[in-house]
Each structure stands twice: as C-alpha cells, then as structure tokens.
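Here are the chains, one letter per residue:
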Amino acid sequence: MTGTTTRSPAPAGHVLRGRRVSRFVLLVIALAGAAVASTWLAVSIGAVPVALPQAWGIVADRLVPGAVPRTWTPVQEQIIWEFRLPRALLALLVGAGLAVVGAVLQALVRNPLADPFLLGVSSGASFGAVLVLILGASALGGLSLSAAAFAGSLLALGLVYVLAQRAGRLTPSRLVLAGVALAYLFQAAYSFVLQLAQSGRAAQQVLFWLMGSLGGARWHLLPLPAVVLAVGVAYLLTQHRPLNALAAGEETAVSLGVNVSRFRLTLFVLTSLLVGVMVATSGAIAFVGLIVPHAARLLVGADHRRVLPVTALLGAVFLQLVDIAARTVNAPQELALSIVTALFGVPFFLWLLRRRSVDRAVTVG
Amino acid sequence: MRLDLRGVAVTLDGHPIVREAGLRVADGELVGLVGPNGCGKSTLLRAVYRALRPSAGLIAVDGDDVHRLPAREAARRTAVLAQEIPADLDFTVAEIVAMGRTPYKADAATDEAVCAGALDRVGLSAAAGRIFATLSGGEKQRVLLARALAQRTRLLLLDEPTSHLDIRHQLELLHLIRDLGIATLAVLHDLNQAAAFCDRLYVMNAGRVVAGGPPHEVLTPDLISEVYGVRAVRRPQLVFERLPEEP
Numbered sequence: 001m002t003g004t005t006t007r008s009p010a011p012a013g014h015v016l017r018g019r020r021v022s023r024f025v026l027l028v029i030a031l032a033g034a035a036v037a038s039t040w041l042a043v044s045i046g047a048v049p050v051a052l053p054q055a056w057g058i059v060a061d062r063l064v065p066g067a068v069p070r071t072w073t074p075v076q077e078q079i080i081w082e083f084r085l086p087r088a089l090l091a092l093l094v095g096a097g098l099a100v101v102g103a104v105l106q107a108l109v110r111n112p113l114a115d116p117f118l119l120g121v122s123s124g125a126s127f128g129a130v131l132v133l134i135l136g137a138s139a140l141g142g143l144s145l146s147a148a149a150f151a152g153s154l155l156a157l158g159l160v161y162v163l164a165q166r167a168g169r170l171t172p173s174r175l176v177l178a179g180v181a182l183a184y185l186f187q188a189a190y191s192f193v194l195q196l197a198q199s200g201r202a203a204q205q206v207l208f209w210l211m212g213s214l215g216g217a218r219w220h221l222l223p224l225p226a227v228v229l230a231v232g233v234a235y236l237l238t239q240h241r242p243l244n245a246l247a248a249g250e251e252t253a254v255s256l257g258v259n260v261s262r263f264r265l266t267l268f269v270l271t272s273l274l275v276g277v278m279v280a281t282s283g284a285i286a287f288v289g290l291i292v293p294h295a296a297r298l299l300v301g302a303d304h305r306r307v308l309p310v311t312a313l314l315g316a317v318f319l320q321l322v323d324i325a326a327r328t329v330n331a332p333q334e335l336a337l338s339i340v341t342a343l344f345g346v347p348f349f350l351w352l353l354r355r356r357s358v359d360r361a362v363t364v365g
Numbered sequence: 001m002r003l004d005l006r007g008v009a010v011t012l013d014g015h016p017i018v019r020e021a022g023l024r025v026a027d028g029e030l031v032g033l034v035g036p037n038g039c040g041k042s043t044l045l046r047a048v049y050r051a052l053r054p055s056a057g058l059i060a061v062d063g064d065d066v067h068r069l070p071a072r073e074a075a076r077r078t079a080v081l082a083q084e085i086p087a088d089l090d091f092t093v094a095e096i097v098a099m100g101r102t103p104y105k106a107d108a109a110t111d112e113a114v115c116a117g118a119l120d121r122v123g124l125s126a127a128a129g130r131i132f133a134t135l136s137g138g139e140k141q142r143v144l145l146a147r148a149l150a151q152r153t154r155l156l157l158l159d160e161p162t163s164h165l166d167i168r169h170q171l172e173l174l175h176l177i178r179d180l181g182i183a184t185l186a187v188l189h190d191l192n193q194a195a196a197f198c199d200r201l202y203v204m205n206a207g208r209v210v211a212g213g214p215p216h217e218v219l220t221p222d223l224i225s226e227v228y229g230v231r232a233v234r235r236p237q238l239v240f241e242r243l244p245e246e247p
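Protein chains in written order, with the UniProt record's numbering: chain A, 1 to 365; chain B, 1 to 247.
With the rest of the complex left out, here is chain B (with noise of 0.2 Å):
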C-alpha cells in the first residue's frame, strides 16, 4: 500500500477541519477526492505532504509515518501538485523543473537526464528555455507535474489539477495523469471527470471520509444530495472528449 491513512485528524486555529478520516492508495492506482467547499480535502492532502501536522493519527507511505521521517526522505516518496505559482523571478521552465531534484544530492548527469525525461513526459522540451511566468495556465500546470515527476517519487498528489484550465487541457491534463501510472490521490472538483477518470473515490462531507470505492458504487444520488445538498439526475446530455489523436 502506497499511501494508507487511518484516524487523521486536523485542527486549524482550534478549529477541527478534518475528522478520523482513513482512506487508501494502492501501486498504480488513480484515486480522487472530492466533496463540497471546505468538506476538508485540501486540509486532508496538506497533511499527507507535511505542510500540516495531524493532531490525530496515522499517515503512511510505503508503510512509515511520513511525519516521522526526515524532510528530505518524505520528499523522495511524495510528489505534490498544488496550487502555488512561484514568485516572479523569471524562472525558466528548465529552473523550475529542476527543483523537483532539491531532495536528492545533487548529481549534474543525473539531474539533468531526469528533468529532460519528466519534460519530455509532458511535452514540452520545446519549452525548457521559456520563463516560466509567460506560459499559459495548461503549460504552467505542465511544468508544476514535470517539476513533481522530476522528484521520482512514487506517490503523486495533485491539488484541484485542472482548475483555471479550459475544457481542452482539463482533459489533456487528466489523460496525462491516469497514463503516468504513479499511486496517485487527486482532489477534483468535477464529479463527472473525477468518475471517467479515477479507479476509486473517496468521497468528505464535514471533515470526514464518508464514502469509498469505485465510483458508480459511491456517487449514487443519494450519497450526492446528502453531501452537496443537489439531486442527482441522469440525462442525455453533451459529453467533452479529447479529439482523436492525428496519425
């Protein structure tokens, strides 16, 4: 088991924000995340990556508390993408993806061979040269992954991936994810990509776990308008699809 959290708790200010959640991710498994606004999903995710503490519980990767391990260890089994632009000091796309080897010593054959790998992952070795800051907003979110993949970790966690990105390169992104074949924990907004795409979901109301499993098992109209406070209604309707890949 990649990822395995039992218990976690999270206390913001006094407030408790995540309540004994526990969910899984298996080797190679895409799993999503979703609830309504502040259910504590992103909460929850910045627990796993560190950048808060549980005051409750159990985070494990690879079977060991990652709040226990060394920064640098932690940051060799966990790839984070999250919602952070970096500051404006005209990083290139190639500087940015470099960091992603901060955890490792540094090694210039080996640095270098990986982040033109992870570059090449997304597509855009044409841009290593380019600033970061004059990219759009799908070729930043691009270079952010390459940036994690460089971390060779194999655990990924994407924060709200798609967000600000037009349907197109929502799309392009998610295939790209579920192809990469990493244990991946994605927190999405979009209930009907977070089902085509994901093997299993988890589903937060309130700051607890409150469904898990294959996603048709768990997004029954029931469980939707209890947690969201919507009905659930199938009906013919336009469905967005990548365009078939030109020869």
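Only chain A is shown next, with the shape it has when bound in the complex (with noise of 0.2 Å):
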C-alpha cells in the first residue's frame, strides 16, 4: 500500500462533512460543465469543420427558430444536427449508463473487478447484431440491428437468471459463473455464424461494431436509452443505502433492514436492461464500466450516494472525449472505441492493481 490510507486527515464531525459535501457539489457542477463543453466540442470537430459558435448557433436555431442569424450553410446544418449532435448525446448516455452499471455491478457481486460485460449480456446482444449483419434484416423478420441486439440481451438476461436462480433467490457467485459460461455460449454461437458467412466485409464490420462505435447514432435511436438510463439513474439514486449496505456483506444487509432477495433481482434486471440498451446502439464498449467508477471513488470515496452521480457524469465526459479522439486522430478513418478506451483504460487498471494489494482485490467475493 503506497497510496493514500487516509481520505482526511481531520475526522472532526460537520466541519469535515460541510466541506466534503461542498467539494462534491462542486465537483459535479464541474462535471456537468465539462460534459456540455466536450459535447459541444465533439459537434465542431470532424471533416466538415464548424467553428464553435456557429455549431453553437445552429442547436439554439433548431431549438429556438430564428433565435440566432444564420452564418451557416444548409450542409453545415445537417452535419451537425442530423449526424453530429445525436452521435454527441448518444456518447454522453452510452458512456454514464456503462459506467453506473459497473459501479453497481462492483458493489452487486462484491468484487472491484466486475464490469457490464460480465453478466454475459453484452455477449447476447453481439449474438443479435452479428445475425442482422450476417444474415440480413429478413431473416430475423426485418428487426434492425439495435432491436436485434436488445432483444439478444434479454434473451441472454433471461437464461443468465434461470441458471443463476434457485428458489427465487440470486447469489453472487452464481451469477457471475452463470454470466461467464453465457458469454462463452454466444460468443462461440455468432463465430460459428461468422465463420458460415464467409464474406470478409461483413465481418469486418461485425468486428468494427463488437469493439464499439457510435456512429449509427440517430435521432430516433435516441429516446430509449435516454428513458432507460433516467429511470435507472434516478432509482439508483434512491437506493445508495441499500448499495452500501450490500457491498458491506449479505447478511450484514440482511440485518441492516435490505430486503436482499429483491433488491439483487431488481439490481439484475436493471443492470442488464441498460446494459442491453447501450450496447444495441454502441457496440461492445470496453474498460468504461470498469474503470469510471473506480476513478469516481477516488475522487469521492465509497459511498454510493456521491459515487453513482460522479460516475455517471464522469463516464459521460469519458466517452464524448473517447470519441472525439476515435474520429480524430486517424481521420477519416474511425477507430473502434475500445481501442481508444483500453488505451486509457489498461494503464490506469495497472496502476490500480499496483495501487491496492492484487491479492485483496480478487480474494473478495
């Protein structure tokens, strides 16, 4: 243990809380900032650049018409309002929604390593993508590609809780066993599709969309994983007790009052309906649920009260800057986005391991 075994150095009552309190309230406000400031930048950068205050110009034109004169042309126009700015916003929901899944999923399974991909529901909604891409929308009765890919997720959801379950009730151990057999089952299910297909194009696009991209972004794929992610969220908020009292151990929360059963099955669903979600629009997105969280906690500590909305803003900043770096710095040509978040994402997990003893971190459980 090198790093820091003390969060403060005064544990004196309210003093210590008024300021914690406050240096959160600051921090998300920054973070709120820093989302709208990369979105913002993230619509002004690309092939067809637009200077920051006519990108600015047209969104308060589309939302306020006539509010702001036109220096734009039509095609700066559509860029930014028809590809752009729903791409930026999907960033932002995509990279808070799998963060918060992974902070959840840590305290859900007790384990600091968890991250959405491992209830094997991503590996479900890739199984619905791949059939789209390979066998075309017809065979699957002209279901689109992000509607195949969630309805992968909850057929992976539903097998993960009929394995995991008995009598009701869900255990950590056993949902992750029953995740990790899943993946492998759907994993070795779309190769087996891939292989069939045998067209190189195809499969290079299936492997371009498993690492992540956000480039399908619309404005019609948006509402469901804003509704999803809002309702998540704001449950989540409500329950940041019973998060902790969780991670403190079951029957510790058993005796705290948590209704452990059916709090975990709600967890579980939750979880894997957001996860599903996002992965239908964005692909596979590596590292993000893995690492925000933690970056969350050491800016605020453990409590899931601060932790769950610094997450959530944090990932959301994390992804747009993702995704500004994927267009950018191989422009045209896009990078997979879990290129660029292991990138970012591997050497923080190291230092993290180096950070806290490797044996603690994978004992628990």
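Note that these hints are calculated values from the structure, not bench results. Treat the hints with care, as some may be off.
Claimed, not checked - If you anchor each label on the Cβ, the simulated ranges turn out as follows:
1) A:Gly216 - B:Gln83: 43 to 53 Å
2) A:Ser173 - B:Glu73: 22 to 32 Å
3) B:His216 - A:Trp351: 56 to 66 Å
4) B:Leu58 - A:Arg166: 19 to 29 Å
5) B:Asp65 - A:Phe344: 50 to 60 Å
6) B:Leu238 - A:Arg354: 38 to 48 Å
7) A:Leu207 - B:Asp120: 55 to 65 Å
8) A:Thr328 - B:Arg53: 51 to 61 Å
This structure is a prediction, so every number in the text was calculated from the model and none was measured. Beta carbons: idealized from backbone N, C-alpha and C, even for Gly.
Using the supplied hints, reconstruct the complex from the two chains, each of which is provided in its own coordinate frame.
Right, here's the structure in full:
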C-alpha cells in the first residue's frame, strides 16, 4: 500500500462533512460543465469543420427558430443536426450508462473488478447484432440492428437468471458463473455464424461493431437509452444506502433491514436492461464500466450517494472525449472505441492493481 | 424479555441443523451461546437476524415475531456483529459506521451525531477518515461493532466476535461489549472467557440447547465431557487479564 490510506486528515464531525459535501457539489457542477463543453467540442470537430459559435448557433436555431442570425451553410447545419449532435448525445448516454452499471455491479457481486460485460448480456446483444449483419434484417423478420441486439441481450438476461437463481434467490457467485458460461456460449454462436458467412466485408463490419462505435447514432435511436438511463439512475440514487449495505455483505445487508433477494433481482434486471440498451446502440465498449467507477471513488470515496452521480457524469465526459479521439486521430478513418478506451483504461487499471494489493482485490467475494 | 426463542428449528439443504431450541435474553444481560463446532449455534443466531428462516418455532424480539416484522423494523430492534468483511471498495471507517443508519430515514444531523457517538464508544474517533481495509483485525472488529451500535438497537447479536484477535484485543473487545449494557447474545468459542464475561450461558449440542444458567452451574465437568468429549480439569494455570488502566 503506497497510496493514501487516509482520505481526510481531520475526522472532526460536521466541519469535515461540510467540506466534503461542498467539494462534492463543486465536483458535480464542474463535471456537468465538462459534459456540456466536451459535447460542444464534439459537434464542431470533424471532416467538415464548424466553428464553435456556429455550432452553438445551429443548435440554438433548431431549439428556438430565428433566435440567432444564420452564419452557416445548409450542409453544415445538416451535418451538425442530423449526425454530430445525436452522436455526441449518445456518447454521453452510453458513457454514463456503462459507468453506472459498472459501479452497481461492483457492489452487487462485491468485487471491485466487476464490469458491465460480466453477466453475459453484452455477448447476447452481440449475437443478435451479428445475426442481422450477416444474415440480413429480413432473416430476422425485419428487426433492425439495435432491435436485434436488444432482443439478444434480453435472451441472455433470461437465461442467466434461469441458471443463476435457486428458489428465486440470486447469489453473486452463481450470477458470475452463469454470466461467464453464457458469454462463452454466445461468443461461440456468433463465431459460428461468422464462419458460415465467409464474407470478409461483413466480418469486418461485425468486428468493428463488436469493438464499439457511435457512428450509427441518429435521433430516433436516442429516446430508448435516454429513458432507460434516466429511470435507472433516478431509481439507483434513491437506493444508495441499500447499495452500501449490500457492498458490506449479504448477511450484513439483511441485518440492516435490506430485502436482499428482491433488491438483487431488481439490480440484476436493471443493469442488464441498461447494458442491453447501450450495447444495442453502440456495440460493446470495453473498460468504461470497469475504470470510471474507480476513478469516481478516488475522487469522492466509496459512499454510493456520491459515487453514482459522479460516476455517471465522469463516464459521460470520458466517452465523449474518447469518441472525439476515435474520430480525429486517424481521420477520415474512425477507430473502434474499445481501442481508445483500452489505451486509457489499461494503464489506469494496472496502476490501480499496483496501488491496492492484488490479493486483496481478487480474493474478496 | 428482549429476545425469546421457543422451539426453534432450522433446516439447511434438508438437514436439520437446529432442533427445538429455546433461550431468552433479558434487558441488559450478556448471554453466551457455546457448543462444539457444528452444533448449530451460528445457524441459530442467523435465524434470529433473519439471514435464515426457521422451519418451526418462534423467535420474538420485544414480544414480536421477527420473521413477521417489516425488514426495517426488525433492523431497528436487532443489530449484528457477524463475520463478514465489506467488499474491497475502499470504504472509510466513517462510511462503514454510517451503514448502521440504513434502517432509518436519512437525517444528516441525527445520523452524524449517532455515528460519531458510536465511533467514540469504541475508541476510534481518530480513525474516521481511514480506509477500513487498512485497519488491524482488532480495529476492524471495533468499527463493525460501532456500525452495530449506530443502529441504536436494544438487542445485539455477536457471532464469535473475538476470533482472529490476539489475547489483548479479545479482552478489550469483551470488556467493551460487557460495558455497553445492551441485551446481548454472543456466540463464543473460549469457555473460560464465556464464563468470565457472561451473565448466563446456554450450551448447544447437536442442534439442541442442552443447558442454560449461570456459568458456574452450567459448565460442569459432566456436561463438558458429554458435549465436547473432553475432560475438564481444574488446575492452577496462567490467567490473562487487562493491565490496570493508567491514570
């Protein structure tokens, strides 16, 4: 342990608390500001450059027609409004969603190394997406890519639940084992479909999708992830105390008055839905759900009352910046998002492993 | 009567672990529950704090069946120091203690005062900002006790609170618990310590409570040889005590 073991030198009552809370509020405001600023930056950067004031003007003009004098071309307007803004908003939603799911799962399975793809849901979504990409939408009764991915995630969710429950109760170890087993099953299934396809182009498309991309973002894809995220985060914010109690241990949570079976089931369904919706719109973006919650805890401690909002905002800003990088470093080619997140994620993760003793991190369960 | 168990049976995976167990804990009493490994004492305790459901019998806290109480209400009446270590998410001592307020409606001022009082009671006020996982074994047990105290219950359950502690920390914790004056049911391993600290003892064997009463009446050589299969011999031996407090 070389890192800080004491988060605050003076533990004296409300003075400490007052300082922590105001620091927390400032941090939330700063992160919300960063989310707006990074989104603004994201819509102005690209193959057709649009100056920041013009980008702002285009959005303002759409929201309140005639509010700003027009200084932009119709092409610029189309690019910003129809492609870049929905994409930037989707980046915020997916980043926040994956990060929050990571934080919740780390408490649910009591392991700091848990991530959103642990429960097999993303493999199910990938399977659905691969079917559409390889066999074509018509083979699946006209399901769109995201609808098929979402259906795949629901299928995986149902199977994991059936495998992991006993008399309606879920235990963390069963959840993880069932999730891992099903992830292998679905990976085998879509690898099989890919092999059958024997089309290099389609396979490349699938690979790109599996590594995560926000390139498909359009306005009509936004409402579902937005609603699921809003409802999910709103619910979780009311549950910060049971989440803390659950992280303390199952029996402890029971003795603290938490209905553990029901709460675990709710969390499992909620996180699976969130992952399913996010993966359906943007593929499987790695590392966001694993590292962002840890970064949030470094900033505000382990209490979920503060961890959840900071994780959501940090995840949103992080994925926005990642997407900007993915679009610009190798333009006009786009990088798959998981490549960029791994670039930041792996060093952070290794640093985290060195900071805490590895034994401690992996034996907890 | 704070705690009243009558004819309690608990079955795990089809095996009867506890059969027709009965015991009582009165207000302010420290009651020990002893018995050989696998006799069902921890299982009985888990049924009291609702981690397990009894297959028969009544477990009443303050006269109400705990398994019929709403979860929160039960948690306002009974607190537990079990053998569970929190997930490794870098919780601070203050955050662990604050978990004790889970069964209550959040109220910053009250919660803070109660938690500060609980930490003070276990002598760890200075450690509030430290990361729980970096504490010593004895300190961890005291923090978990503070969390139980923050629940503000009138009944406390302890599952082998002194295991993994050295002799000095065992004694410190037992003195601390006895001085709380809360009705307490403690599963204990060390018979000498159980006899020294508890007002009354219950002895379990093969799922049944086979004896109960003041320690010197209960721990007879006959009972010990019957339950543990060992001979109890009185010999002058080293006895461990806390050092007198320095002024």
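In ascending order, which of the hints set out earlier in this document are inconsistent with the structure?
none
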